[in-house]
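*Asks:* Produce the entire structure from the sequences given, and follow the hints as far as they go.
Residue numbers (numbering that gives the first Met the number 0), protein chains in the order written: chain A, 0 to 291; chain B, 0 to 266; chain C, 0 to 288.
Wrong hints could be hidden among the right ones.
[As the list claims (entries may be wrong)] Once the Cα atoms are required to be at most 30 Å apart in a straight line, the calculated DSSO-like pairs of lysine-lysine come out as: (1) A/Lys192 x A/Lys279; (2) A/Lys279 x C/Lys208; (3) C/Lys187 x A/Lys262; (4) C/Lys73 x B/Lys195; (5) A/Lys220 x C/Lys148; (6) C/Lys160 x B/Lys179; (7) C/Lys77 x C/Lys190; (8) A/Lys192 x A/Lys218; (9) A/Lys135 x C/Lys239; (10) C/Lys5 x C/Lys239; (11) B/Lys179 x B/Lys235; (12) C/Lys176 x A/Lys256; (13) B/Lys216 x A/Lys161; (14) A/Lys33 x A/Lys180; (15) C/Lys176 x A/Lys23; (16) C/Lys78 x B/Lys176; (17) B/Lys179 x C/Lys73; (18) C/Lys190 x C/Lys176; (19) B/Lys59 x A/Lys135; (20) C/Lys178 x B/Lys216; (21) A/Lys256 x C/Lys273; (22) B/Lys195 x C/Lys79; (23) A/Lys239 x C/Lys187; (24) C/Lys123 x C/Lys148; (25) B/Lys235 x B/Lys216; (26) B/Lys176 x C/Lys148; (27) A/Lys33 x A/Lys23; (28) B/Lys179 x C/Lys255; (29) A/Lys255 x C/Lys123.
[Stated by the list, open to error] Derived Cβ-Cβ restraints for the label pairs, each shown as a range: (30) B/Leu75 x C/Lys77: 33 to 39 Å; (31) A/Thr62 x B/Ile193: 50 to 56 Å; (32) C/Gly193 x B/Arg196: 34 to 40 Å; (33) C/Ser60 x B/Ile197: 35 to 41 Å; (34) C/Lys187 x A/Gly35: 44 to 50 Å; (35) C/Ile10 x A/Leu134: 55 to 61 Å.
[What the hints assert, rightly or not] Every beta carbon over 12 Å from chain B, so not counted as near; a handful from chain C, in silico: (36) Ser60; (37) Asp69; (38) Gln89; (39) Pro108; (40) Lys123.
Because the hints were derived from the structure by calculation, they are not lab data. The structure displayed is predicted, hence computed values, not measured ones. Backbone N, C-alpha and C define an ideal beta-carbon position, used for all residues, glycine too.
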Amino acid sequence: MIKSEKLVYEYTRNTDDGSEIRSKVLDGLDIDIKDGQFISIVGHNGSGKSTLARHLNALLTPTGGTLWVNGLDTSDENNTLLIRQNTGMVFQNPDNQIVANVVEEDVAFALENTGVPTGEIWRRVEKSLATVGMLKYRSTAPNHLSGGQKQRVAIAGVLAMKPKCIVLDESTAMLDPGGRKEVIEAVRELNEKENINIILITHYMEETIYSDRIFVMNKGKIVMDGMPECIFSDVSVLEKYNLEAPPAVYIADRLKKAGLNIKKSVLSTQDLVSVLAEYKKGVNNGNSNKGS
Amino acid sequence: MLRDITIGQYYPTGSVIHKLDPRVKLAGTFLFIISIFTFKNYPGYIVSLIYLGMVIFISKVPLKHILKGIKPIIFLMVFTAVIHLFFTSGDDILFEFYAVKITYAGLKKAVFIIVRLLFLITGSAIMTYTTTPNQLTEGIEKAFGPLNKAHIPVHEFALMMSIALRFIPILMEEADKIIKAQSSRGADFEEGNIIKRISGIVSILIPLLVSAMERAKDLALAMDARCYHGGEGRTKMKPLRYTAKDYISYGIILVYMVTSVAAGRFI
Amino acid sequence: MAIVIKDLNYIYGAGTVFEKQGLKDINLTIEDGEFIGIIGRTGSGKSTLIQHLNGLNVPASGTILYNGEDIYKKGYSKKKLRSKVGLVFQYPEYQLFETTVLSDVRFGPKNIGMSAEEADRSAKEALSMVGIHEDMYNASPFELSGGEKRRAAIAGVLAMKPEVLVLDEPTAGLDPKGKNEILELIDKLHKNDGVTIVLVSHSMEDVAKYAERIAVINDGEIFACGTPREIFSRYKELEKIGLSAPQTVYLLNELKSIGYDVDTGIITPDEAVKEILMHTAQTAYTEGI
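*Replies:* Here is the structure:
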């Protein structure tokens, strides 16, 4: 459970002429995320989404307001290690977050840090690698893996801590389409089977359509908060925040604006096909009714 | 070109030597090197050669591979030997031609130098062929563990080494990419005047440095996020533990030290 | 006939134990003024291929002709070639190194022998082309935002006034706004300045929208080459080699299978909207009577 009240993160920068510039990266956020939810956070560069992500496991602490993760105040240093075990984090660059030279040793890194006994480390490493489908690469050097595989190893490294929540900070940004799919499928499964909170920060809107809720961030504020159906109901609003709707949503939106009567929400290509199938049926039925 | 240097690269064969505790191999290599510097005469080298041959045989690393590894260093060996050959003074003159004087002592020294260097390099190479960099780091960390009490951050040094090893191939690939990118912008590394060449080199070094710093920053953050807080209270997935074969090896090393030093100094 | 690639073979780590065939019998002609997209999975060899276009990689056999001349011929000036065939690497912001944005962009032009004034003029032109304002000329390139860094790095290649611009995943890792800025810039260079564009991309949507021709690389070989319509009509084959078609192609094929008589060769969303509207309107009209 993640909850915040008027969360503010502000930093001051000294310019060359000696004056100070203060910028609010996070501007009074009130968040309430329940256990087991899949949340996506979208927003253009500089909207504050990565800064928010770094608050969730106390890599950054608020300069104003309060943030609780599982009831623990992130500003209290005594809570830091516990919060980081509860909320794991996967970063953007797959190469820059792998510490060890062998996959299994990397997955064990957090467990070694938190003093888990050797036998338990082996059990948890094995289970985590199996969960993300990387067990057969356990003795491989990370440099020999693809981007998607590296990110799955990073997820396993987090998973080994038995976290309640995993934050993915643009973890798919540097991957090719195949790698992105691998990572998204892995985290969806964790959400559904293990009931782990997923907080997915991404630029790719098509990755967000499976989430329970989407936050749209702009200038340090959450400007939209709702289910995908609701967020994608008006493409022009998204465009205002420099975001791009997935192609199916975009096409459905244009069709609607051209007068086609689409009432159901469209998130994927499959949705759009079934809507148009019904449309065709409706037209045919209407026709046959008239005929009889 | 960097890729052609095979010396020091792990060569997996799954032999007993590979499975030894890295501390045994570190101690063995260290003592072996010390031993060859104590010898005053040939018999010591013969004992050394027998042991070295045995270790190579047991390690299953092909001799050809080892010899190939030595190749880049041959020049250095010959050079040192030649210097000793010509510049060692002595009464027992073998050959004289104007100012060039070769003495028996010089010849002996030159031969010794070559043999010593050859043994030294082969001996340490065997360690790196049979021990992964990671095991080596762990061995060093554990072996020097007691220094922790003297407030020397052994764990931190060991971790730094192991991280450096992980990033070497990444940074090498990156260097290759930056060289190509700057060449695409017409940068000169080999031709052109000195100013242009320096600017070409700077155009590689700065991006490489910036990128290394950025990676370091990312990695520090990722380590923080995974609860890293120094060596205190840390457990190990693969703690080092001695087994019977390690104790036997220590025994063999001891026997070697006694026989070789005895042979090298007193026969 | 700008670039002709003839029977090109490339071997990684030639002469070492790690020897591996990188490219196999590549034949491809890139015409003057065309916009060609190159697609393929990570590791398929597409980056290796484009690094041949300005002579960075040396093939094991085969050759490349630029304007009819063999670029691997002895005495052929690589430097001149590199000023004509501009190559923008993946994440090009990692090659910025000078103290100011302007001097960084001037690096290329100066290297290829432009005079100081010429280099200056050319750099400024390139910067304005990529939308970097004069205020930033004297800033350190490391102070720019991610998208700006990327554009400054591209300007560094544009300032050499290349006839052919080769870009390796120029939009990787950018947000939608940054991505569109770059793609619009490339499109403008192609349409307004007649620059030949070779675009390597993972995004089928982007290639579909901009490229006039697409080459598909798989396992170091050319798997297919043709117009986007031709290539994406073979979407089932593309899937077999780990690629896909734009979502629009899937949509229209699905619609066809449920009885809509749509043109399945359409690849961009805007065209798809028109096509669907035409068919829904038509159905409603004819069936409605």
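*Asks:* Compare the structure with each hint and give your call.
*Replies:* Going down the list of hints, with the structure as the test:
| no. | hint | in the structure |
| --- | --- | --- |
| 1 | A/Lys192 x A/Lys279 | violated (37 Å) |
| 2 | A/Lys279 x C/Lys208 | holds (29 Å) |
| 3 | C/Lys187 x A/Lys262 | violated (39 Å) |
| 4 | C/Lys73 x B/Lys195 | holds (23 Å) |
| 5 | A/Lys220 x C/Lys148 | holds (26 Å) |
| 6 | C/Lys160 x B/Lys179 | holds (19 Å) |
| 7 | C/Lys77 x C/Lys190 | holds (27 Å) |
| 8 | A/Lys192 x A/Lys218 | violated (35 Å) |
| 9 | A/Lys135 x C/Lys239 | holds (24 Å) |
| 10 | C/Lys5 x C/Lys239 | holds (27 Å) |
| 11 | B/Lys179 x B/Lys235 | violated (41 Å) |
| 12 | C/Lys176 x A/Lys256 | holds (24 Å) |
| 13 | B/Lys216 x A/Lys161 | holds (26 Å) |
| 14 | A/Lys33 x A/Lys180 | holds (26 Å) |
| 15 | C/Lys176 x A/Lys23 | holds (22 Å) |
| 16 | C/Lys78 x B/Lys176 | holds (18 Å) |
| 17 | B/Lys179 x C/Lys73 | holds (20 Å) |
| 18 | C/Lys190 x C/Lys176 | holds (21 Å) |
| 19 | B/Lys59 x A/Lys135 | holds (27 Å) |
| 20 | C/Lys178 x B/Lys216 | holds (26 Å) |
| 21 | A/Lys256 x C/Lys273 | holds (12 Å) |
| 22 | B/Lys195 x C/Lys79 | holds (16 Å) |
| 23 | A/Lys239 x C/Lys187 | holds (24 Å) |
| 24 | C/Lys123 x C/Lys148 | holds (15 Å) |
| 25 | B/Lys235 x B/Lys216 | holds (25 Å) |
| 26 | B/Lys176 x C/Lys148 | holds (18 Å) |
| 27 | A/Lys33 x A/Lys23 | holds (26 Å) |
| 28 | B/Lys179 x C/Lys255 | violated (47 Å) |
| 29 | A/Lys255 x C/Lys123 | violated (45 Å) |
| 30 | B/Leu75 x C/Lys77: 33 to 39 Å | holds (34 Å) |
| 31 | A/Thr62 x B/Ile193: 50 to 56 Å | holds (51 Å) |
| 32 | C/Gly193 x B/Arg196: 34 to 40 Å | holds (35 Å) |
| 33 | C/Ser60 x B/Ile197: 35 to 41 Å | holds (37 Å) |
| 34 | C/Lys187 x A/Gly35: 44 to 50 Å | holds (48 Å) |
| 35 | C/Ile10 x A/Leu134: 55 to 61 Å | violated (34 Å) |
| 36 | Ser60 | holds (21 Å) |
| 37 | Asp69 | holds (19 Å) |
| 38 | Gln89 | violated (8 Å) |
| 39 | Pro108 | violated (8 Å) |
| 40 | Lys123 | holds (17 Å) |
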